[in-house]
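*Asks:* Residues per chain are reported as follows:
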Amino acid sequence: GAVVSQHPSRVICKSGTSVKIECRSLDFQATTMFWYRQFPKQSLMLMATSNEGSKATYEQGVEKDKFLINHASLTLSTLTVTSAHPEDSSFYICSAKTGQSIYGYTFGSGTRLTVV
Amino acid sequence: QQQVKQSPQSLIVQKGGISIINCAYENTAFDYFPWYQQFPGKGPALLIAIRPDVSEKKEGRFTISFNKSAKQFSLHIMDSQPGDSATYFCAAKETGANNLFFGTGTRLTVIP
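Line by line, the protein sequences give chains A and B. So the first sequence is residues 736 to 851, counted in the working numbering. So the second sequence is residues 623 to 734, counted in the working numbering.
Using 25 Å as the maximum straight-line C-alpha spacing, the simulated BS3-like pairs for lysine-lysine come out as follows: (1) B:K664 x B:K627; (2) B:K679 x B:K690; (3) A:K776 x B:K664; (4) B:K679 x B:K637; (5) A:K790 x B:K715; (6) B:K715 x B:K693; (7) B:K693 x B:K627; (8) A:K776 x B:K715; (9) A:K755 x A:K790; (10) A:K755 x B:K664; (11) A:K755 x A:K799; (12) A:K799 x A:K749; (13) B:K664 x A:K749; (14) B:K693 x B:K680; (15) A:K776 x B:K627; (16) B:K680 x B:K715; (17) B:K664 x B:K715; (18) B:K715 x B:K690; (19) B:K679 x B:K715; (20) B:K637 x A:K776; (21) B:K680 x B:K637.
These aren't lab readings, by the way, just hints derived from the structure by calculation.
Using the sequences provided together with the hints, build the complete structure.
*Replies:* As structure tokens, then:
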């Protein structure tokens with residue numbers, strides 16, 4: 736089945752530094768990937784949609800200069816949280832649309848970011 | 623505005639019982655309705671999904687019931703087990719769009 740690998744699973748960084756999260760589709764080509772943010776006991780909030788080779792589309796209220804998304808290949812998308820602050824601490828999850836079915840979405844295992 | 627409304631927020635069921643989670647929507651352009659299961663610290667995993675041309679879909683102990691006229695769909699977990707304790711999210715996708723709209727989630731606890 737379709738597998739999406741997300742790394743790292745946990746990261747702690749100092750305030751003001753940048754953190755990169757990787758999302759890879761292991762056994763399929765993902766033309767579209769999604770990045771979500773999830774606060775404790777809350778639903779997934781879509782941050783942005785990225786298409787391979789083009790600029791990401793950000794949801795309203797999401798700072799594109801703070802959350803840099805790169806989808807340089809059909810198997811890799813990255814989210815970089817720049818100049819991180821404690822309020823950026825959250826659970827970040829990527830998802831990829833599988834190529835075999837227009838209805839297939841596979842999620843990564845998530846990244847717990849803690850900014851101290 | 624919440625595109626997909628989910629209830630209840632939390633649910634406690636005895637082992638062997640039936641867990642029922644409900645979702646409702648207004649957008650008639652939705653054409654795909656998946657349910658996801660999420661364990662703490664993990665990403666969501668697809669459980670079962672349905673399209674609006676079908677009123678029911680069953681996979682093992684999991685059943686989706688879909689009422690197109692009422693714009694409602696529900697997840698039934700038969701013979702609920704402690705291992706089913708997790709957060710469940712319903713979702714919906716609009717025709718021609720890529721992204722999913724998620725419900726607010728239901729935290730299910732199955733007690734032995």
